[in-house]
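In case you want the letters, here they are:
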Amino acid sequence: MIPKATIRAEAERLHAAFVAAGAVPVEADILLPAETLLDLYGEDIRARAYITADPLNGEMMLRPDFTVPVVQAHMAHGADPARYAYMGEVFRRQEHLDGRAREYMQVGYEVFDRDAPAADAEVFSLFSGLLAGLGLRPATGDIGILMAAVRGLSTADRRKAALLRHVWRPQRFKALLDRFAGRAPVPAAQAALLQRLAADAPAALVAAAGPLVGLRSAEDIAARAEALLQDAKAPPIAAPEAALLYDLLSLEAPAGAALAHLRGIAPMLPAILPAVDAFAARLAALAARGIDVAALPFEASHGRTTLEYYDGFVFSFHGPAGLPPVASGGRYDALTAVLGAGRSIPAVGGIIRPGLVARLRGA
Amino acid sequence: MMLKLGVPSKGRLMEKTFDWFGARGVTMARTGNEREYSGAVDGIAGVELVLLSAGEIPRELSSGRIHLGVTGSDLVRDKLADWPAQVVDWAPMGFGHADLVIAVPAAWIDVDTLDDLDAAAAAFRAAHGHRLRIATKYHRLVREFLTAHGVADYALVDSQGATEGTVKNLTAEAIADITSTGETLRANHLKMLADGLIHASQATLFAARAADWSPANLAALAALAKRLGLPVPSLSPPVSG
Chain A
0 MIPKATIRAE
10 AERLHAAFVA
20 AGAVPVEADI
30 LLPAETLLDL
40 YGEDIRARAY
50 ITADPLNGEM
60 MLRPDFTVPV
70 VQAHMAHGAD
80 PARYAYMGEV
90 FRRQEHLDGR
100 AREYMQVGYE
110 VFDRDAPAAD
120 AEVFSLFSGL
130 LAGLGLRPAT
140 GDIGILMAAV
150 RGLSTADRRK
160 AALLRHVWRP
170 QRFKALLDRF
180 AGRAPVPAAQ
190 AALLQRLAAD
200 APAALVAAAG
210 PLVGLRSAED
220 IAARAEALLQ
230 DAKAPPIAAP
240 EAALLYDLLS
250 LEAPAGAALA
260 HLRGIAPMLP
270 AILPAVDAFA
280 ARLAALAARG
290 IDVAALPFEA
300 SHGRTTLEYY
310 DGFVFSFHGP
320 AGLPPVASGG
330 RYDALTAVLG
340 AGRSIPAVGG
350 IIRPGLVARL
360 RGA
Chain B
0 MMLKLGVPSK
10 GRLMEKTFDW
20 FGARGVTMAR
30 TGNEREYSGA
40 VDGIAGVELV
50 LLSAGEIPRE
60 LSSGRIHLGV
70 TGSDLVRDKL
80 ADWPAQVVDW
90 APMGFGHADL
100 VIAVPAAWID
110 VDTLDDLDAA
120 AAAFRAAHGH
130 RLRIATKYHR
140 LVREFLTAHG
150 VADYALVDSQ
160 GATEGTVKNL
170 TAEAIADITS
180 TGETLRANHL
190 KMLADGLIHA
200 SQATLFAARA
210 ADWSPANLAA
220 LAALAKRLGL
230 PVPSLSPPVS
240 G
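These protein sequences, in sequence, are chains A and B.
At position 101 of the first sequence (counting the first as 1) the number is 100 in numbering that gives the first Met the number 0, and the numbers step up by one without a gap.
At position 238 of the second sequence (counting the first as 1) the number is 237 in numbering that gives the first Met the number 0, and the numbers step up by one without a gap.
Don't read these hints as lab results, they were simulated from the structure.
Careful: at least some of the hints might be erroneous.
Unchecked claim - Some, not all, of what chain B presents toward chain A, calculated at C-beta under 10 Å:
(1) M13
(2) A106
(3) W107
(4) T112
(5) D114
(6) A119
(7) A121
(8) R132
(9) R142
(10) D152
(11) L155
(12) T165
(13) K167
(14) L169
(15) E172
All figures in this text were calculated on a predicted structure; none of them were measured in a lab.
In this text, a Cβ means the ideal position worked out from N, Cα and C, and glycines have one as well.
All chains, full assembly: derive it from the sequences and hints.
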């Protein structure tokens, strides 16, 4: 066990480095209103965070991360651009007795700046420098390229929306893509459903199925029935286009080679061009800060976890097998729009776990 | 200390439990007057009967205050995190069958499967401004099931009873509850999803890993196992992954 004082000293060292890099120190409450986080993450967060009841304010959550309160504070009264540093405990509920930490320190750095490639490079190179000498393996990705590829598919908007909604659930995404691409047969249950829906007008079918109870209205049902019938008539995503997307999902290469590969497929999937250009600009900014992009690992699917907010550059730093990532972060432009009540600003940031850094330094 | 065996304190579950043990040569009976919750075991030395609410048996097993307990497999899975690390499911008992299922209004002609539910939830959230609510008292089981199947845009709302009525009362859009025949679902204009079976529950004899397994209690366990015709359960915690 690393003493808490040692971890705190490491946290203070990292925090001071973030402040020296130009960040303003910020604090966040430990008890947060659960509603915002539940709305953002969905029911899954209940399995991953401690929720407690305030007798008057309702459900509260022990801070599972700093990003949401820091973004909220920034959107309420932040400068533009702005850089923030923070340190403190986060709390993660665990459903297994496997030694994973229930509470641990995080030290974080968040950049709200409209020059996205430069900000991405700034955060990554700052982390890379602070963690140098620990023998960590970096991993990077870019969810923005994947999202651009989906948006660029020549298929119905509804299918694209369904795929985008599940970008952060890789298995479900793959199942949907298999179906839309005609690689998986229509499930028997769905075939039977379509046959029944085709038999009569939705309103008549709803009436025949018995009294309708609940808030979901006959119009809601008719709209989806209509969408299902239309989708059944839509042709599968063209094979060459689908092949490009499958190729992209499994793309794993050093960043320089990955860029060359993406440039190669961009003419066939022109919608990804802006995202590929942004990737190139980021690599140039990283190179300018001394990162060896020819060797930097890149995976197009990196960072597709269930914390649904990264939508661009993502990165993490890994220690020995069995240890959680020592640091992780990414770009979350859409989150600032969700929490900004109509306003938004590109944002990127990440956290380091000083407890793991102290452990690796001691080892 | 005796080996404590917790069984449901009333109703059909208690009677069936007594029958199950009786058929295997272990006689159980309530003692005292009919309102007093105490009981006795005949035919096996060193075993004490503890009468408890079926809903509390998972917690008592978890803490190790009872060595063995009879309760629904649904309750153990829902109430105990990482349940295989805490209890051994020693013997399914073949009664108390109930299925935990997801049910939606029968008039939802466009929803038969979890995929449909997920798509309907997305559209519902967009149209109504809040997540599609699923009423249940089995929070852990339902959440783990929906997460594993990639269903999003739902929220669980707690319902400790009369769950089938929540949809009509507009406090939920769908439910997850136990059913044996589906009769109550149909009476409330609900239908099960084709792939919405979360867990097929039955009364099960569990052993608590955290209980005091002294040599005397292990001897009583071995004797009981022999009488019941069961292998002696392995009580050391499984290697966690």
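Given hint A106 (chain B) near chain A, where the shortest CB pair must fall under 10 Å: holds (4 Å)
Would the hint on M13 (chain B) stand, with a C-beta cut-off of 10 Å toward chain A? Since chain A brings no Cβ nearer than about 31 Å to M13 (chain B), farther than 10 Å, the hint is violated.
Could you check if K167 (chain B) really has its C-beta closer than 10 Å to a C-beta on chain A? Nearest chain A Cβ about 4 Å off; hint holds.
Agreement of hint A119 (chain B) with chain A interface, Cβ distance less than 10 Å: holds (6 Å)
Chain A contact restraint on E172 (chain B) - CB to CB distance below 10 Å: holds (5 Å)
Is the interface hint satisfied for D152 (chain B)? The criterion is a beta-carbon contact with chain A at less than 10 Å. Since chain A brings a Cβ to about 7 Å from D152 (chain B), closer than 10 Å, the hint holds.
Report holds or violated for the interface hint on W107 (chain B), using the least CB-CB distance to chain A and a cut-off of 10 Å. holds (6 Å)
Would the hint on T165 (chain B) be counted as holding, given a Cβ-Cβ threshold of 10 Å to chain A? Holds, because the Cβ-Cβ distance from T165 (chain B) to chain A comes to roughly 9 Å (cut-off 10 Å).
Holds or violated: R142 (chain B) as interface residue toward chain A, Cβ cutoff 10 Å? Hint on R142 (chain B): holds, closest Cβ of chain A at ~6 Å, below 10 Å.
Interface hint check: D114 (chain B), Cβ to nearest Cβ on chain A, cutoff 10 Å. Holds or violated? holds (7 Å)
Classify the hint on L169 (chain B) as holds or violated, based on whether any CB of chain A lies nearer than 10 Å to its CB. OK, holds: L169 (chain B) within 10 Å of chain A, min 6 Å.
May I ask you to test the interface hint for R132 (chain B) with respect to chain A, counting a Cβ-Cβ separation under 10 Å as satisfied? holds (9 Å)
Hint 1 from the list above is the single one not met by this structure.
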